[in-house]
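Novice: Counting from 1, one number per residue, gives the positions in the sequence shown under UniProt numbering.
Calculated from the structure, these hints are not laboratory results. All of these numbers come straight from a predicted model, not from anything done at the bench. For each residue, glycine too, the CB sits at the ideal point set by N, CA and C. Do not rely on the hints blindly, as some may be mistaken.
What the hints assert, rightly or not - Quick list of simulated restraints, FRET-style, between CB atoms:
1. Ala235 / Leu118: 58 to 66 Å
2. Trp420 / Leu107: 40 to 48 Å
3. Thr412 / Gly127: 41 to 49 Å
4. Gln67 / His360: 40 to 48 Å
5. Lys195 / Lys157: 44 to 52 Å
6. Gly127 / Asn33: 48 to 56 Å
7. His343 / Asp404: 20 to 28 Å
8. Asp164 / Asp272: 51 to 59 Å
9. Glu377 / Gln10: 17 to 25 Å
10. Arg297 / Ser2: 33 to 41 Å
11. Tyr17 / Pro333: 55 to 63 Å
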Amino acid sequence: MSLMNIAGTQPVEDPEYRYKMPRLQAKIEGRGNGIKTLVVNCADIAASLHRSTAEVCKFFGCELGAQSKYDDKTDRAIVNGAFEAAMMQQHLLKYIEGFVLCPACRLPETKYKFKGQLIFHKCYACGAVEPVDMNHKLTTFIFKEHTAAKRSSKDDKKKKDKKDKKEKKSKKSQDEPEDESSSKEKKEKRDKDKKDKKDKKRKHHKDNGPSGADEDDEVVWHTDLSAEAVAARAAEAEAIEAAAAAAVQAAAAEEVVATLDNLQVDDENALDSAVSNLQRFLSENHSEAEVFEELCRQQTYSALPITDRLVIFFRSAFTEQVLAKNQVTKYAPVLEQIVDSQHAQYQLLALVEHFCAVEHFALLTSFPLLLKLLYDEDLLEEECLVTWANNGVRKEYAHWAITDELAAKLKTLMGPFIEWLENAEEESGDDSDD
1 MSLMNIAGTQ PVEDPEYRYK MPRLQAKIEG RGNGIKTLVV NCADIAASLH
51 RSTAEVCKFF GCELGAQSKY DDKTDRAIVN GAFEAAMMQQ HLLKYIEGFV
101 LCPACRLPET KYKFKGQLIF HKCYACGAVE PVDMNHKLTT FIFKEHTAAK
151 RSSKDDKKKK DKKDKKEKKS KKSQDEPEDE SSSKEKKEKR DKDKKDKKDK
201 KRKHHKDNGP SGADEDDEVV WHTDLSAEAV AARAAEAEAI EAAAAAAVQA
251 AAAEEVVATL DNLQVDDENA LDSAVSNLQR FLSENHSEAE VFEELCRQQT
301 YSALPITDRL VIFFRSAFTE QVLAKNQVTK YAPVLEQIVD SQHAQYQLLA
351 LVEHFCAVEH FALLTSFPLL LKLLYDEDLL EEECLVTWAN NGVRKEYAHW
401 AITDELAAKL KTLMGPFIEW LENAEEESGD DSDD
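Model the full assembly from the supplied sequences, consistent with the hints where possible.
Specialist: As structure tokens, this is what we get:
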């Protein structure tokens with residue numbers, strides 16, 4: 001069986017890489033409407049990824065738009081339709097990228113952690129806890145599988161407890177009963193021992209206690225009902241309470257109890273600290289790879305989600321001299337590694353708006369120029385820019401400090417750039433027709 005490195009959409013070429021899995025093997029069976037593809041080694045692949053075979057099989061069904069079925073009795077994973085092994089291998093890499101690899105360290109050392117209606121990757125290599133993409137259809141199946149496994153474990157526990165109880169009862173009934181005479185003797189001996197103890201105790205109190213004459217002459221403090229005695233008892237009680245309260249406060253001051261309240265991370269302070277540390281790092285000469293590695297390190301050490309990498313880098317890299325020092329071109333290679341989805345592009349647009357309209361108001365009129373520079377570096381796509389300009393997703397991503405008035409100004413400034421984009425597309429379409 002040929003093995004390959006466990007990797008997502010980015011291949012791992014290291015021959016000494018310790019995480020391996022078998023290469024996918026597919027076999028097409030049947031013909032006509034009954035044609036289907038059997039994933040021969042689906043169980044071996046799932047075991048290498050520490051996932052259930054049914055989950056891997058279901059992912060193929062979701063991605064290929066076909067019915068899929070895994071029979072645990074026969075250990076057969078089937079997807080309806082005819083699909084080549086090479087194509088299914090590519091889809092398997094997508095599954096590994098989204099549901100196996102840790103988003104932080106990119107190692108396949110994750111397990112699912114369920115919290116409410118969300119699923120998280122808990123990485124046992126770096127300790128990161130990152131959310132799974134809940135938009136994928138597979139998450140519904142994962143939830144169902146988790147619920148069924150939880151219910152099954154509870155049922156098994158109940159059956160085991162019931163069985164143990166029954167065995168214990170059966171064993172007890174099989175034990176021979178004690179002889180009645182011996183039981184009676186033991187009981188009499190116990191009673192006699194108790195009586196002797198009571199007699200000794202009574203005699204001890206009698207010998208050590210005060211004589212009858214003394215008892216008449218002495219007034220016991222706690223039974224004295226005079227005003228002075230009552231006041232003394234009250235003062236002593238107050239003193240005892242005050243001392244106890246002081247002791248409790250001192251203990252509370254010395255000891256910090258680990259609760260969720262005092263273990264919470266202040267995200268804003270953590271973000272500011274990460275930005276400050278990365279700014280110092282950028283002031284020195286480092287390669288693009290080193291800068292990206294330091295960014296990931298600051299995000300992980302600050303216990304911030306992976307989606308905050310763009311916020312940390314943008315606030316660290318770009319200053320009021322963004323145009324004069326050509327910072328967009330300078331940091332574009334690093335941004336390319338962060339802005340890798342539509343979500344990240346919308347996040348970048350929101351950051352640019354806040355940068356020009358709130359942080360550095362003097363750059364407000366330069367807003368479309370910054371967008372043009374980011375567009376030229378292929379960091380912003382035309383589709384995302386047009387959708388943003390038409391308020392398609394703006395409310396979902398825009399910063400709360402961008403008021404309606406500022407939003408209207410930004411849209412007006414953005415108008416000519418969007419018009420230029422649309423005209424450029426029409427002209428390129430006409431040229432292709434010619």
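Novice: All hints, please: hold or fail.
Specialist: Hint-by-hint comparison with the structure:
1. Ala235 / Leu118: 58 to 66 Å: The hint (58 to 66 Å, Cβ to Cβ) holds, given that Ala235 and Leu118 are roughly 59 Å apart.
2. Trp420 / Leu107: 40 to 48 Å: This hint holds: roughly 45 Å between Cβ atoms.
3. Thr412 / Gly127: 41 to 49 Å: Roughly 47 Å apart at Cβ, these two residues keep to the hinted range, so it holds.
4. Gln67 / His360: 40 to 48 Å: 55 Å, violated
5. Lys195 / Lys157: 44 to 52 Å: At roughly 48 Å between Cβ atoms, Lys157 and Lys195 fall inside 44 to 52 Å, so the hint holds.
6. Gly127 / Asn33: 48 to 56 Å: 50 Å, holds
7. His343 / Asp404: 20 to 28 Å: 24 Å, holds
8. Asp164 / Asp272: 51 to 59 Å: The hinted range 51 to 59 Å holds for Asp164 and Asp272, with Cβ atoms some 56 Å apart.
9. Glu377 / Gln10: 17 to 25 Å: 21 Å, holds
10. Arg297 / Ser2: 33 to 41 Å: 36 Å, holds
11. Tyr17 / Pro333: 55 to 63 Å: 26 Å, violated
Hints 4, 11, counting from the list given before, are not met by this structure.
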